[in-house]
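Grab the two chains, each in its own frame, and use the hints to assemble them into the complex.
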Amino acid sequence: MKLNKLVNILNAKVLAGKDKLDREVEFAFSSDLMSDVLTLNNDKVILLTGLSNIQSIRTAEMADINQLVIVRNKKVSGDMIRLAEENKIVLLSTEKSLFRTSGLLFDKGIKALF
Amino acid sequence: MKLEFEIHGGDFVNAGSASSKVKSILKQLNINSELIKKTVISLYEAEVNVVAHADKGKITINISSSAVDIEVNDRGPGIEDIELAMKDGYSTATEEVREMGFGAGMGLSNIRRNSDFFEIDSTPGRGTKAKIRIKLS
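Chain order of the listed sequences is A and B. Mind the numbering: the first sequence is residues 1 to 114 in this note's numbering, read in order. Mind the numbering: the second sequence is residues 1001 to 1137 in this note's numbering, read in order.
If we strip away everything but chain B, and leave its shape as in the complex, we get (with noise of 0.2 Å):
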């Protein structure tokens, strides 16, 4: 299964509304709960990820038997050093992202810790790939 999403940068209300749909997709197929619990932290944190720093942005994700593959593509500033950005408490989040209860530099954390595959490439000035994988068997 194949689902698609498109994320606009600054829009905080909406930010975890994938994750939210995802969550609903995952229990009626009957995901065991750690794992639905594991898949939809690392998307929500990449979600507000997208929305905190990006100008826009498409989350793709594909359900299989075997995982969940997610894909963030966004438009933004992209990260310089993306070393430093995985270190817990670095941060760059404007002071309207942490107004919102995130940006202390736990997210890709987060996502590193629930995830079983984590990979990031970005293009400063042009925006960040994410891949994220979280194996179901």
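If we strip away everything but chain A, and leave its shape as in the complex, we get (with noise of 0.2 Å):
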């Protein structure tokens, strides 16, 4: 899927990286934590996630995750958009919770990697 047709499905924002969707999305993992986001190994995977700091940022570099979802309008950080921004991460926003943030995109098609 593309991103900016997950996009429509959130009806989400996006807080950087506008001009890179057209990436293909396959998989999403939805955990708040982090040490478990470092053990994926996998392409063309989003994070989806309710942790909205610069540590979800960091962590989303540091394992190759190349886009991510923060759920529930939690606020998001102008120091969180341009760690975004410089490592070319298209970072969204919804208001939807994690549960239902999950439920429809596993309803679109996106995988899951467990």
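What the hints contain is simulated information worked out from the structure, not anything from laboratory work. We treat Cβ as the ideally placed atom computed from N, Cα and C, and that holds for glycine.
Footprint (simulated), chain B over chain A, 3 or more residues, beta carbon under 8 Å:
| id | stretch |
| --- | --- |
| 1 | 21–35 |
| 2 | 62–71 |
Distance condition first, Cα-Cα at most 35 Å in a straight line; then the derived DSBU-like pairs of lysine-lysine:
| id | chain 1 | residue 1 | chain 2 | residue 2 |
| --- | --- | --- | --- | --- |
| 3 | A | K2 | B | K1037 |
| 4 | B | K1027 | A | K75 |
| 5 | A | K13 | B | K1027 |
| 6 | A | K18 | B | K1027 |
| 7 | B | K1058 | A | K74 |
| 8 | B | K1135 | B | K1027 |
| 9 | B | K1058 | A | K88 |
| 10 | A | K88 | B | K1027 |
| 11 | A | K74 | B | K1027 |
| 12 | A | K44 | A | K108 |
| 13 | A | K20 | B | K1135 |
| 14 | A | K13 | B | K1037 |
| 15 | B | K1021 | A | K13 |
| 16 | A | K5 | B | K1037 |
| 17 | A | K74 | B | K1037 |
| 18 | B | K1021 | A | K20 |
| 19 | A | K108 | A | K2 |
| 20 | A | K74 | A | K44 |
| 21 | A | K5 | B | K1027 |
| 22 | B | K1037 | A | K96 |
| 23 | A | K111 | B | K1087 |
| 24 | B | K1056 | A | K74 |
| 25 | A | K20 | B | K1027 |
| 26 | B | K1131 | A | K44 |
| 27 | B | K1021 | A | K88 |
| 28 | B | K1027 | A | K2 |
| 29 | A | K111 | B | K1135 |
| 30 | B | K1002 | A | K88 |
| 31 | B | K1021 | A | K5 |
| 32 | A | K108 | A | K5 |
| 33 | A | K108 | A | K13 |
| 34 | B | K1037 | A | K108 |
| 35 | A | K44 | B | K1002 |
| 36 | A | K44 | B | K1037 |
| 37 | B | K1021 | A | K74 |
| 38 | B | K1037 | A | K111 |
| 39 | A | K2 | B | K1021 |
| 40 | A | K75 | B | K1021 |
Okay, here's the thing in structure tokens:
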């Protein structure tokens, strides 16, 4: 699925990487635990998380995850947006819960990792 | 190539900035992306550990054609029981660390999984020393 379709499904705001929405996403992983995210070893993954701080972006950077969604309209800082832009990470925000976000994407064919 | 980073305990905002710099250097050196990922995940977990538990620390990184060697030296409470600390799920992290998305007792096993050599030596009440090696060839 292209990211711009995913943005529509989640009615998400695009906070960083507006020019990169033609990227393809195949899998999603929902977690607030960054050490767990660091165990992933797949391409085309989107991270869905309620953890809105600089470490969620750092973790994506280290784990080569190129896109993430912050759920429940959690406040996203300017530093997070800057770090995402610097690392060419697409940063999205949705008001939907982690469960609803996961369910909507699963329903549209995004695959689970485990 | 030798790199050194000073890490400050409790500085969660900058945790990961050393890993980020090392990642861009390894990319410039055209290291295979799988090996870069193994290196930066090990280094990032080590950085987070210093920030989470120690007063301050120093990370020294040696990059050669055959390996990345990471040495972490911190001043802090040390680890009483290293075997226990290495167990999945065991953690002494504070609520603050957990709020940052860490502290679930997975960090040391993440380092072990991503490295080719990992050794911890600690003096309780003084600090901890860790050696991590990722082979490049």
